[in-house]
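Line order of the protein sequences matches chains A and B. For what it's worth, this note's numbering labels the leading residue of the first sequence as 1, then goes sequentially. For what it's worth, this note's numbering labels the leading residue of the second sequence as 377, then goes sequentially.
Hints listed in this document are in silico derivations from the structure and should not be mistaken for laboratory results. Be careful, since some hints might not be right.
[What the hints assert, rightly or not] Incomplete in silico selection of chain A near chain B, CB under 10 Å:
#1 Asp80
#2 Ile82
#3 Ile292
#4 Gly295
#5 Val299
#6 Ile322
#7 Gly334
[Unchecked claim] Pair ranges (Cβ atoms, derived):
#8 A/Ile320 to B/Ser483: 57 to 67 Å
#9 A/Leu319 to B/Ser483: 23 to 33 Å
#10 B/Arg417 to A/Val314: 51 to 61 Å
#11 A/Leu319 to B/Arg417: 27 to 37 Å
Note that the structure is a prediction, hence the values are computed from the model and not measured. Cβ coordinates follow ideal geometry from the N, Cα and C atoms, glycine included.
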Amino acid sequence: MRNKSSLLDSVTGGVLLHDGGEASVYLLNVAGSPYVVKWYKDGFSFDEQIIESAYKVRTSGLYRIEEWGFRNGTPYLIYDYIDGVSSDKVGRMPVAVALLALRQVVKTLMELQKLGVSHGDLSPANVVFTASKGLQAVLIDCGIVGPGALAYAAPERFQGKRPDEKSDLFSLGLLLYRWIAGEELVHADGYEQFAEQMANVQNLNISEKLYSTGFFDSADGALQLSALEPLWPGLVRSDASERVDDLDELDELLEIALNKVSGGDVALAFCVSQFVDAKNLRNVALKVPDSIENGLPFVVQKKNKWLKCSVFGVLLFILILIALLFTSGTMSFGIDATGDLLLKRSRTLESSSEVEKAPNLKVDSLLLDLPVPTVK
Amino acid sequence: MQCRVVHNRLYNAVVVFVAILVASILCACSSEMNRGDEALRIGDYDRAVLNFSKVLDREPANRDARYGLAIAYYAIAEDKERLRESTFALWERTVREFKILSVVDSSEKIKPMYSTALFYLARAMLSENEQARVLSLLDQSIQLDSENYFSYNLKALILGAKGDVDGAKKIYAYIVTREPKFASAYVNLGNLYWNARDYESAWDIWSMGHEALPQDAVLAKWTKVAEDSLKAMVYSGKL
């Protein structure tokens, strides 16, 4: 976590990765390490509360947020660069691999849910596949303000409701369809049309649509469609109450479907390995830019070392001053020592005083015999 | 996070400001404390009172300044004591300051001097009025410092004068047992025996004191007087 200074001010290189409608995404070189900054455009931002929560979740299935804030009034978010391929770039996926990847996404969403956070923008572009431990689906871009990618947004999101577990479940259904069909389930032009289509999405016969793609006309294809059949009524429903209860329940359904289509762990591992190789996920390392190409949307502010040094100097001076005050023996030690000195002088025993007459003494004359402090 | 960066910079500035403020106050207090302490050490007690009072105006519960002021008053009163002038008001002021000090400092450190101030106050009261009731002051003094034999000695003198000779003797005996170099206790105990015409016991005590303190002229003189008297009594057949 950076809370002393901004990573933006340590950038030595940068390149534009993607210029979207919501934000521009840059790959940054910060002291030799790659980071990604999402630079939001006018009217777009993130939900800071969700980002704060997502920042606390440390799991391999979620991008690692490093810093967020505002620079010259523009919201931005910096996270670790993920060495992988966005799932919207991989085309159609084998059903078993898609189910495996979706289970990983569901597990990550469960972690977020523990902190009361829903993703709110589940789409192929926000899932990155890496070759870590075979295949790892990594979620990015939590906390969007707005309905997110329209082709994956739940109907209630078009009504302005905040994302929740149920809306994420709807998006997961459409995401799964996209992964195994290679195309989106709902096609529309513009916000209103998407809203209308999503409101009537349960009228679609998803198995029939999948069959019509031509990828499932074999015996294996029929088995896969059969295994997927229980998932659609639990996910792709306009009425949130008709969807599965929660992510746990979905995970159980996915596990059952995966067992039916995978042909065992070894076959699944082989299938995953083939997918990783085919999509070249092991060799996607991007060169960290050494220079700033085509400019960055922010100005790198070089740290004012003189100011920093002078602040430290003043603090050091004050510390030394305080230390000197306490060690110079002039405070409590001094006054106590002076007190001891005076007491010692006061208590010095001296000889009894001389009396002239015989010791037939009365009280008043006895008083003369009292010890008197010495002048020494 | 960038939004927190701003807070941290502001926080640093506040910390620096507070540190400078604290250091300035410490400097101001410390320089007056230093001056007061220095004045005390060289005997400029009035200036010491002035400087410690300045600190106390700002921090009435400053323990060091309270202690400094108390011992400055003590030193002023003790100076007057040597001149055999009336010191009652000075010791009263000193004891009052020690009483306040004991509220902000309950440690053992201040007790011996507080105890001695009470002894001096009792003695000053007796000088003003020999009938003054000072036993409670002396008991408080002894309670604060069980090794303050001056207070024991004065208490014994008062008890002896009131006719409680046995009580006085016990105290003197206690003093010479605990502090064999306390000359006044030998002298006063010997006096009690002498006045009771117990010359042998008086000689025993004085000679014991003379042996412990051979340089003490009073003990030497009265040991000799007692010895001569005893010899004369033996020669005359009275003993």
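**Request:** Find the hints from earlier in the document that the structure breaks and name them by number, from lowest to highest.
**Result:** Going through the list in order, the structure violates hints 1, 2, 3, 4, 5, 8 and 10 and respects the others.
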